[in-house]
Every structure is written in C-alpha cells, then in structure tokens.
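Q: Which chain is which? The protein sequence lines are A and B, in order.
In short: position in the first sequence from 1, add 1, done, that's this note's numbering.
In short: position in the second sequence from 1, add 1312, done, that's this note's numbering.
Hints are computed from structural coordinates only; laboratory data are not their basis.
Heads up, some of the hints might be wrong.
To be verified - Now the in silico label distances, taken between C-beta atoms and shown as ranges:
1. K4(A) - G1340(B): 22 to 32 angstroms
2. I47(A) - G1383(B): 21 to 31 angstroms
3. P31(A) - T1382(B): 29 to 39 angstroms
C-beta atoms are modelled at their ideal positions from N, C-alpha and C, and glycine is treated no differently.
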Amino acid sequence: AQKITQTQPGMFVQEKEAVTLDCTYDTSDPSYGLFWYKQPSSGEMIFLIYQGSYDQQNATEGRYSLNFQKARKSANLVISASQLGDSAMYFCAMRERKTSYDKVIFGPGTSLSVIP
Amino acid sequence: GAGVSQSPSNKVTEKGKDVELRCDPISGHTALYWYRQRLGQGLEFLIYFQGNSAPDKSGLPSDRFSAERTGESVSTLTIQRTQQEDSAVYLCASSYWTASSGNTIYFGEGSWLTVV
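Given the sequences, and given the hints that come with them, work out the whole structure.
A: Next comes the structure, spelled out in structure tokens:
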C-alpha cells in the first residue's frame, strides 16, 4: 500500500510567489518523522525540513515551512518567495521506527518549475 | 569525511556482469541506507543498516542484490548478473539522531549504473 502520496506530479509557480506542495502519509505508528528533500537536475538530494510527529509547532527553515496537520495525515511543504533556483523535484519522506522495523520511505515526488 | 561518499560515480557494465558499489557514510553516523532511483522515478528503498543490528533487507528486489556493512563504516552493494532493468542511480544515505532534526538522512551523490 502506498504510504506516501504526492498528488501533484508537476507544479508551476511564478517567481516571488508562494507555492504549496502536497504530501499525505499513512501510518498506524504514533511516533514518526516527516521530511522534505529537494533534488535538482544535478541529482543530489538536499534535506530541507523535518517535522516530528510529537512536535507541537510547524517546522520552519528559512523560506520553507511545513504545514503539519496530524489528524489529516498531511505534511505539505510551503515555499515562500519562490526563486528560479527552486526549480527541482521535491520528495516527501516518512520515517517509521518499530522494534524490528526502521525505514525511511519516499513519495513519488513533485516537479516544481519556477517561471520568471 | 564531510559528507557521504559513493564510488564509482558512474559505471557502465555489460549485461550479466557483477558490479560493486561502495558507500562511505558520514563519520559517526550509525544508520546507513541504500536506495535505487530509476530515471524520472522516485526513490525505492533497498536496504537499511543500523549499527550491529541485523539489516532490514525487505527492499532488495531479488537475490541478485546483496549488501554488506562492517560495523558503522563502509558499505558495499553488490548486484550479480546485472540486467538492463538494473540501470539506475543507486543512492546511499547515512543518519544520526538529533533532537532538532530527528534522524535526518544525508545522501551521497549517487552511483549511476548503466547496463548495456
């Protein structure tokens, strides 16, 4: 079963505008972590932001913020003031840790294009 | 080292040959992951090592794939009798828990494998 869903295969945003990339997840574990990574065309995976399931406040890192809605099991990434360099693939990921299971799994990704 | 190091960065091999891909994690990182990313696709979990515990091999696609890790150091991913469908980028990542970033995983630049 799909554990991480990113329903937007491709997104466009005007430079300097804000954009929201959707991510929903599925887990029965009360303890988990959520991540967002950026992958530019060069192929490297760049860590952007982390949210723990018990964190009370939404995570923020510079222009990135994570809109965490636990009851809805969503962890959307908001990028404010988009820049041309933000054009890349964006992956949502979830870490589940159990006694015999510890894995980070990734969603299928969203391709973001920033238009000048 | 400063980051996760992978070698070779590029490998072209003939169908049926064996290949070895190497990953040197960030010093002090206890966890190590291997992922496969086919062109234009998301990240597919392959295997996870945590310290001296038994690895989570649940993502290995067939018995042609195997991986080893000695303690908390270098890991080797071996693909035997390569097939064209094995062509992909193989990404290695390592992690260590911190209160602010959870088990953020840091990626190497990947090993690009082409089977001809």
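Q: State for each hint whether it applies.
A: Each hint, compared with the structure:
1. K4(A) - G1340(B): 22 to 32 angstroms: Since K4(A) and G1340(B) have Cβ atoms about 29 angstroms apart, the given range 22 to 32 angstroms holds.
2. I47(A) - G1383(B): 21 to 31 angstroms: 28 angstroms, holds
3. P31(A) - T1382(B): 29 to 39 angstroms: 34 angstroms, holds
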